[in-house]
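J.: Each chain is listed here by its residues.
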Amino acid sequence: MSAQPALLKYPDSLALPSEQPSPRGAEILIHALVDEGVDSIFGYPGGAVLHIYDELWRVRDRITHYLVRHEQGAVHMAEGYARVSGRVGVALVTSGPGATNAITGLANAYMDSTPIVVITGQVPLRLIGTDAFQEVDTVGITRPCVKHNYLVRDVCDLAAVVHEAFHLARTGRPGPVVIDIPKDVSAAQASYSRLDHIRFPISERLPYPDRRTLSCAASEILKAERPVMYVGGGIVNSGASAELLALAEHLQLPVTPTLMGLGGFPSAHSLSLGMLGMHGTYAANMAVAESDLLIAVGVRFDDRVTGKLATFAPHARVIHIDIDPANVGKNRMPDVSLIADARQALKALREEISARDHTEIVRSIAQRSQWWDQLRHWQREQPLRFSGSRDQIKPQHVIRELHRLTGGEAIIASDVGQHQMWAAQFYPFKHERQWITSGGLGAMGFGVPAAIGAQLAYRDRLVIAVVGDGGFQMTNQELATAVQYELPIKVVIMNNGYLGMVRQWQEMFHERTYSEVDLSVAPDFVKLAEAYGAFARRASRPEELTEVLEAGLEHNGVSVIDVVIEKEENVFPIVPAGASSRDMIFQSEGV
Amino acid sequence: MVSDQPGELSRIVGLFSARGFNIETISVGATLDPQWARVTIVTRGDERTIDQIVKQCARLARVRDVQDVTTRPHIEREMALITVNAEAGLLRQEVLNLVGIFRAKVVDISHSQIVVEASGNKEKVETFIEMLKPIGIHEITRTGRIAIGRLSNLEAAPAADEDQAFAVGMN
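Taken in sequence, the protein lines are chains A and B. According to the numbering used here, the first sequence is numbered sequentially starting from 39. According to the numbering used here, the second sequence is numbered sequentially starting from 1346.
Please note that a few of the clues may not be correct.
No farther apart than 25 Å at their CA atoms in a straight line, the calculated lysine-lysine pairs in the DSS-like style are these [what the hints assert, rightly or not]: (1) A:LYS346 - A:LYS385; (2) A:LYS346 - B:LYS1400; (3) A:LYS432 - A:LYS468; (4) B:LYS1469 - B:LYS1450; (5) B:LYS1469 - A:LYS368; (6) B:LYS1467 - B:LYS1478.
Taking CB as the label site, the calculated pair distances span [said to hold, decoys possible]: (7) B:ARG1495 - A:ARG100: 19 to 29 Å; (8) B:GLU1392 - A:GLY167: 36 to 46 Å; (9) A:PRO614 - B:ARG1495: 44 to 54 Å; (10) A:HIS469 - B:THR1416: 40 to 50 Å; (11) B:ILE1454 - A:GLY178: 35 to 45 Å; (12) A:GLU554 - B:ILE1420: 56 to 66 Å; (13) B:ASN1466 - A:SER553: 53 to 63 Å; (14) B:THR1394 - A:GLU582: 55 to 65 Å; (15) B:SER1362 - A:GLY480: 17 to 27 Å; (16) A:GLU581 - B:THR1394: 55 to 65 Å; (17) B:LEU1496 - A:PHE171: 55 to 65 Å; (18) A:ALA284 - B:ASP1391: 35 to 45 Å; (19) A:ARG499 - B:ASP1391: 43 to 53 Å.
Rather than coming from a laboratory, the hints here were simulated on the basis of the structure. Each residue gets a CB set at the ideal place from its N, CA and C atoms; glycine is no exception.
Starting from the given sequences, assemble the full structure and let the hints guide the process.
T.: See the structure below:
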């Protein structure tokens, strides 16, 4: 069991000509990053990464470093960048506290399968294990929340490690990879030249879906009377939305996306039932409950989707398509499983179905007309709705207005809480990679930095961070980063002076014990934003809302819009945690 | 035992604790190829849990192959080193008798104690330990179980219990 296998070693045959001085580790790192196509790094310097920052300064015309204000912000920015662009996001932090501050972002990227590479400094090799200043066992504490991590002990391994890290981050089920580089390794000399081909110790293990399984899945779909497509983040990660649309339209299949799958199928499409799960639509959850076939693509049967597993799609046979074999059979045993990239699998499935007898397809669509009648009935019975108000701004209305004013084309980055659910429910997304949110980890503070990262990927697009007053106060310091680098994000604060989602649970499930959720003592967000050099406005009355939103959205630079919303508005519908979708609640008691 | 390569083994052990799987025994050793070591883990669980364990181990970037050994005919062994009371006389005779019956070996001796080496399947080693207990055991070191596939299916013996042994190849 050798810790650093020989095949990771940089091949000598590719070494630079000997007359050139050997580059230092830091230089090799930067070369390797450039070769991986990196042009932006989010980071925060410190003692253990000084050599790397030396080098970054020298190559500042090729790689732009964005100085964040907290390492959590750096990783969330890298995630935001990766999520909208599909490229690997990169963050650079120092040892010890730099690395520990990055953990939330790593865990978030791991849960939501986001490809990022985080480079951490480490104390010099000879000091490792001595409780040195700013020493922490980074590889140890990040291990459970990364796809893989490396402690680079030999500068000769560095280039190959970087290339392998990028490969791991973006292939298969994407995820975060950490490269921990001791200070003396970044100072040590070695040779570098670009690797054209890396021999990875582990070959990709993704089999192309075999004919028999495809044929089996196709038959299941064609004979189903009450099918539902349940689609998630895997659609977005594999760029499968066009294939999904084609298959759904070809067979007239109803589609319900998860929180992570929003945008993977156009929300306003007639085949869309809206989001499913805890705060999903009545139609979507009823459809799943009554379905006879669940076509699950790029999903992991998360508890926020399924509620009580025993009552989730109890009558349905399940086709599960996922790139991660461990997701299949983890929570629900499928009847047919395809371990494959979602786009490839959907394409192959559509081709398989197209090859069938046309009459079979016509008959298949025809036999589902009753199902569609039922689905339409559920949609009419309990559409997403909210009561209006003359004196108070309704949060759902804020999202609707944002949708109207942006033509549905904005990139929306959300934080975590009630506003996240309202954004998911009331902003019909058109495209994949238009919606970025912290789904699996539910990390408050994600919204603002993620929006900054997204804005960097697309400087000319409108990027809006929809946040609550709680989450905003966790990472609002990154407004300085946005202002410094002229990344003109728009921040819409849904301000109810509460930790709203916790308050809602306390109201509904803890006899209104509003324990420690009052955030009414908060800074004046308009003044705060102005102090950072951003444009800011506040809307407190319904009649002010549109004008204030317009002013904020039209501003050229960073803007913050503080929207004072109804304090005790709840997110409905809600399936209580661990309950079955039939226990859905649609409104507050006594209303 | 694995101090020169703590990183990869701790990934596997960490995965077991993080996902709530139990490790009954674990054993690590070199293979013919110096890049790869074999980790043999004995764990318990229903079919679904075992399926998850295999899949989750296989997700690790440095794991080459994961096999549920118990799905195939295989041989399991473990070894124990036991320091037991053996004053000269009847007591020592009794210990030596047991050593003979269990085909164990005496590997060290003093005036009052001997160290015996026993190997075999779990039942044999445990029965041996039970037999020695009344005599007075001072210390036991056990290796944990290792396993290897049988050469022929003809000698297949059904798994006696739910124990599952895994061979995880990794470098």
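J.: Determine for every hint whether it applies to the structure shown.
T.: Quick rundown of the hints versus the structure:
The straight-line distance between the Cα atoms of LYS346 (chain A) and LYS385 (chain A) is roughly 32 Å, outside the 25 Å bound, and the hint therefore fails. At most 25 Å may separate the alpha-carbon atoms for a hinted pair to count; LYS346 (chain A) and LYS1400 (chain B) meet this at roughly 24 Å. Pair hint LYS432 (chain A) plus LYS468 (chain A) holds up; C-alpha atoms about 24 Å apart against a cutoff of 25 Å. Between LYS1469 (chain B) and LYS1450 (chain B) the CA atoms are separated by roughly 14 Å; this keeps the pair inside 25 Å, and the hint holds.
Taken as a hint, the LYS1469 (chain B) and LYS368 (chain A) pair is broken in the structure, with Cα atoms around 36 Å apart against an allowance of 25 Å. With a C-alpha separation of about 16 Å, the suggested pair LYS1467 (chain B) and LYS1478 (chain B) falls inside the 25 Å cut-off, and the hint holds. Taken as a hint, the range 19 to 29 Å is violated for the pair ARG1495 (chain B) and ARG100 (chain A), whose Cβ atoms sit roughly 59 Å apart. In this structure the supplied range 36 to 46 Å holds for GLU1392 (chain B) paired with GLY167 (chain A), their Cβ-Cβ distance being about 42 Å.
Evaluation of the 44 to 54 Å hint for PRO614 (chain A) and ARG1495 (chain B) yields a pass: the beta carbon distance comes to about 52 Å. The hint said 40 to 50 Å for the Cβ distance between HIS469 (chain A) and THR1416 (chain B), and at roughly 46 Å that hint holds. Look at ILE1454 (chain B) against GLY178 (chain A): about 43 Å separates their beta carbons, and that is inside 35 to 45 Å. Evaluation of the 56 to 66 Å hint for GLU554 (chain A) and ILE1420 (chain B) yields a pass: the beta carbon distance comes to about 59 Å.
Between ASN1466 (chain B) and SER553 (chain A), the C-beta spacing of about 56 Å keeps the proposed range 53 to 63 Å intact. A beta carbon spacing of about 57 Å between THR1394 (chain B) and GLU582 (chain A) agrees with the range 55 to 65 Å that was offered as a hint. Range check, SER1362 (chain B) to GLY480 (chain A): Cβ separation about 23 Å, and the 17 to 27 Å hint holds. Between GLU581 (chain A) and THR1394 (chain B) the CB atoms are about 59 Å apart, so this pair conforms to the stated range of 55 to 65 Å.
Range check, LEU1496 (chain B) to PHE171 (chain A): Cβ separation about 57 Å, and the 55 to 65 Å hint holds. At roughly 40 Å, the beta carbons of ALA284 (chain A) and ASP1391 (chain B) sit within the given window of 35 to 45 Å. Separation of ARG499 (chain A) from ASP1391 (chain B) is about 50 Å and conforms to the stated range, judged on CB atoms against 43 to 53 Å.
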